[in-house]
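Next come the chains, spelled out residue by residue.
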Amino acid sequence: MKLSVDAARCTGHGRCYSLAPAVFGEDDHGHCVLRLVEVPPEHQRAARIAVANCPEDALEISAE
Amino acid sequence: MSNPDLEKREVNLFSGEFAACPQPVYKELVTKCPFARASFGASPVLSRYEDVLWALRHPEIFSSEMEMHMALGTERPMIPQQIDPPAQTKYRKILDPRFSKKRMLEIEPNVRRNAHELIDGFFERGECEFDHEFAMPLPATAFLALMGLPQSELPRFLRIKDMIIRPQTLLDDPTVEASQALRKDAGRQIYAFFGDVIEERRKKPGTDMVSYLLETEIDGQRLTREEILDVSFLLILAGLDTVTATLGCNMAYLAANPAQRRRILSKPEIIPGAVEELLRWETPVTAVPRVVKQEVEVHGVKLAKGEMVTLLIGASNVDDSEFRDPELVDFERERNKHLAFGGGPHRCLGSHLARMELEVALQVWHERIPDYRVKPGETPRYSAGIREVQYLPLVWDRA
Chain A
1 MKLSVDAARC TGHGRCYSLA PAVFGEDDHG HCVLRLVEVP PEHQRAARIA VANCPEDALE
61 ISAE
Chain B
1001 MSNPDLEKRE VNLFSGEFAA CPQPVYKELV TKCPFARASF GASPVLSRYE DVLWALRHPE
1061 IFSSEMEMHM ALGTERPMIP QQIDPPAQTK YRKILDPRFS KKRMLEIEPN VRRNAHELID
1121 GFFERGECEF DHEFAMPLPA TAFLALMGLP QSELPRFLRI KDMIIRPQTL LDDPTVEASQ
1181 ALRKDAGRQI YAFFGDVIEE RRKKPGTDMV SYLLETEIDG QRLTREEILD VSFLLILAGL
1241 DTVTATLGCN MAYLAANPAQ RRRILSKPEI IPGAVEELLR WETPVTAVPR VVKQEVEVHG
1301 VKLAKGEMVT LLIGASNVDD SEFRDPELVD FERERNKHLA FGGGPHRCLG SHLARMELEV
1361 ALQVWHERIP DYRVKPGETP RYSAGIREVQ YLPLVWDRA
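Sequence lines, in order, name chains A and B.
For the record, in the first sequence the residue sitting at position 41 is 41 according to our numbering, with numbers rising by one throughout.
Counting the second sequence from 1 gives a position; our numbering is that position plus 1000.
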């Protein structure tokens, strides 16, 4: 699984790094940064939930 | 083309009944009347998730730059809430790091200790009035610490905050003029107080917010005294009221719904999910205002430049086009893109502080007082606008 972040959409709600801290992190402004380019199976469920909870629709699963 | 049917529904967003139980009104608006009119001023009210989110994300159409007559006792717009990008973006760049999740986690132990101390103060009594004894002091104490101000200032700030946010509750004859006069008076007090704080911090900087603002630069420029005052003004209003309101809404809900309360007791790890779900369901900040900056058509109605619009966030949070079973309050809801903290560039600056305080409060309260209820014969009282539960008497058995 691969993820992509649209940094222009992110406004720093922080849902992603709260729900899937192994996959997403925060920069100094609280905006999303990807911690993993390739999401291993054990983190895929959390990653999916995080993507589904972004209020700005800034996250996308770019490859399964 | 105008569609008169859609405009017929008038909605009173400032009644006590609405504040106590807004969800049925939300449902009606979302399903039958996505374009309504507010009963005061007849300004348009948008309620569907899609419409509210779209408006929040387009400040170039739905601006936060209000006319001054809408102001809350201010002489200038509050920063960054009442200004739009691109200027707003520059202020958020310096403020966001001070309110990031990781920074808020650094002060979490203090908030936790304070929550315990507050409960220590009334636990043996077997009852408390939740608003005044817990919901107000907890976030206010954190706010004063962030601002580097002594806790002895608490009563003064709580009074000033109420003079601005709900002046009608402090007046015998709450006319619009009297309310505005009270707000102006409070505004002058805030400017004077923080004017003095700025002078003190200039001489003796600390680790507090005002010291930070004094030494921070935007595009190589220091902030002016007025800019620092305009940020401070916002932090007072936002820091002293919204979490208080949310804590009250949450506890009133849990006291009235023992099965939900037991879910939290048996599975405390769902508390972060419960916080999100109660933010969605209760949405204490029911609505945010915007002013139309360029002519736009919504649901067939033309909105002219300068028109005020109410974005009814609470309604969007129960829209079934976004939320599955919106009337089910599910602490383990998997997808919950609620807009309780807004969205787009004006996403609540304090959202990470709020979430931390709300989680800590629910954790500590349920550890200490697992079995509580509303005092028999009493009814919680909600204030209009921002839904603070101004009277919430709770009782419990002392273990």
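Simulated from the structure, these hints should not be mistaken for laboratory data.
As the structure is a prediction and not an experimental result, all values here were calculated from the model.
Misleading hints may appear alongside valid ones.
To be verified - Below, simulated SDA-like cross-link-like pairs (lysine to any residue); rule was C-alpha separation at most 25 Å, straight line:
{"hint": "1", "chain 1": "B", "residue 1": "LYS1027", "chain 2": "A", "residue 2": "SER18"}
{"hint": "2", "chain 1": "B", "residue 1": "LYS1204", "chain 2": "A", "residue 2": "GLN44"}
{"hint": "3", "chain 1": "B", "residue 1": "LYS1337", "chain 2": "A", "residue 2": "SER18"}
{"hint": "4", "chain 1": "B", "residue 1": "LYS1184", "chain 2": "B", "residue 2": "SER1152"}
{"hint": "5", "chain 1": "B", "residue 1": "LYS1302", "chain 2": "A", "residue 2": "VAL33"}
Cross-check of the supplied hints:
1. B/LYS1027 - A/SER18: Judged against 25 Å, a Cα distance of about 30 Å means the pair is violated.
2. B/LYS1204 - A/GLN44: Violated: B/LYS1204 and A/GLN44 sit about 50 Å apart, past 25 Å.
3. B/LYS1337 - A/SER18: Judged against 25 Å, a Cα distance of about 14 Å means the pair holds.
4. B/LYS1184 - B/SER1152: Roughly 24 Å separates the two Cα atoms, so the pair holds.
5. B/LYS1302 - A/VAL33: violated, 40 Å
Hint check: violations occur at hints 1, 2, 5; the rest are consistent with the structure.
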